[in-house]
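For the sequence shown, position 18 matches number 1264 in the working numbering, and the numbering has no gaps at all.
What the hints contain is simulated information worked out from the structure, not anything from laboratory work. Don't take each hint at face value.
To be verified - For each label pair, taking beta carbons as the anchor points, the in silico distance ranges come out as: (1) 1260 x 1421: 28 to 36 angstroms; (2) 1340 x 1383: 25 to 33 angstroms; (3) 1266 x 1461: 38 to 46 angstroms; (4) 1443 x 1268: 20 to 28 angstroms; (5) 1312 x 1284: 31 to 39 angstroms; (6) 1483 x 1264: 53 to 61 angstroms; (7) 1472 x 1251: 56 to 64 angstroms; (8) 1404 x 1480: 27 to 35 angstroms; (9) 1390 x 1482: 40 to 48 angstroms; (10) 1334 x 1356: 52 to 60 angstroms; (11) 1284 x 1474: 52 to 60 angstroms.
Think of the CB as a built atom: it goes at the ideal place given N, C-alpha and C, for glycine as much as any other residue.
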Amino acid sequence: VFGGLKNMVDGLANTYQLYDPKMIAVSTTCMAEVIGDDLHSFIQNAKDEDSVPRDFDVPFAHTPAFVGSHVDGYDNMVKGILEHFWKGQERTQIEGTINIIPGFDGFCVGNNRELKRLLDVMGVSYTLIQDASDQFDTPSDGEYRMYDGGTKINEVKKALNAEATLSLQHHNTRKTLGYCEEVGQATASFHYPLGVQATDEFLMEVAAISGKEIPEAIRLERGRLVDAMADSQSWLHGKKYAIYGDPDFVHAMA
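Whenever a hint applies, use it, and build me the whole structure from the sequences.
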């Protein structure tokens, strides 16, 4: 009720000392937005009180609980992180390079790995923005991992120079794509590449931007999928299903 400045100062200090992060992202909740807490000023005040070093990266986003849903909060946070690292930086476009934003995906462990496999097979130069696949699926081998995998800060900084940014969730990343357009990148969005048609659209767009041909290995996989669909048609024809989830996931599944 009295504002969150003290909690911000203590929270940043405790997180920095306990976990030794390279970056701390800050987002708001319902009460902070009702009060109107100024995150930019709060973060600066916290640095003035030595909670974290002055040059430490603390990107932030306003994510009020009473506006939109969690997918809007995701969009605001991704935009906030990109804006933090890109704002005021000179952009030198590298032709054929692509940023991929997977979107708010509860199945990112498998989906992101498959995306990277396809892009690697094509030989595309890309950066996967916000890759949580390894963080959500660390191996149980006796070694403790605080931060496994993910997208590195230097990769996010270099992503400013990409020719294009592609989002795999149209409804989830509208503000982020708008910012990418502001800095001079081409953008495109999809309702997630599930199924033959949607995957075709995505890979054709990637091929057009990167200048890379779709290799025979992927064409063979596509043919096997079409064959499997034909084989299973008699079992699935006429069946009805209920699909529930976030907008882009539901659209892609349907």
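How the hints compare with the structure:
Range check, residue 1260 to residue 1421: about 30 angstroms between beta-carbon atoms, so the 28 to 36 angstroms window is met. At roughly 31 angstroms, the beta-carbon separation of residue 1340 and residue 1383 lies within the given 25 to 33 angstroms, and the hint holds. Separation of residue 1266 from residue 1461 is about 42 angstroms and conforms to the stated range, judged on CB atoms against 38 to 46 angstroms. A C-beta distance of roughly 40 angstroms is found between residue 1443 and residue 1268, which places it outside the suggested range of 20 to 28 angstroms.
Under the hint 31 to 39 angstroms, the C-beta atoms of residue 1312 and residue 1284, about 18 angstroms apart, miss the expected range. Evaluation of the 53 to 61 angstroms hint for residue 1483 and residue 1264 yields a pass: the beta carbon distance comes to about 56 angstroms. Remark: the range hint 56 to 64 angstroms for residue 1472 to residue 1251 is upheld by a beta-carbon distance near 59 angstroms. At roughly 50 angstroms, the beta carbons of residue 1404 and residue 1480 sit outside the given window of 27 to 35 angstroms.
Taken as a hint, the range 40 to 48 angstroms holds for the pair residue 1390 and residue 1482, whose Cβ atoms sit roughly 45 angstroms apart. Our hint of 52 to 60 angstroms for residue 1334 and residue 1356 is violated, since their Cβ atoms are close to 37 angstroms apart. A C-beta distance of roughly 55 angstroms is found between residue 1284 and residue 1474, which places it inside the suggested range of 52 to 60 angstroms.
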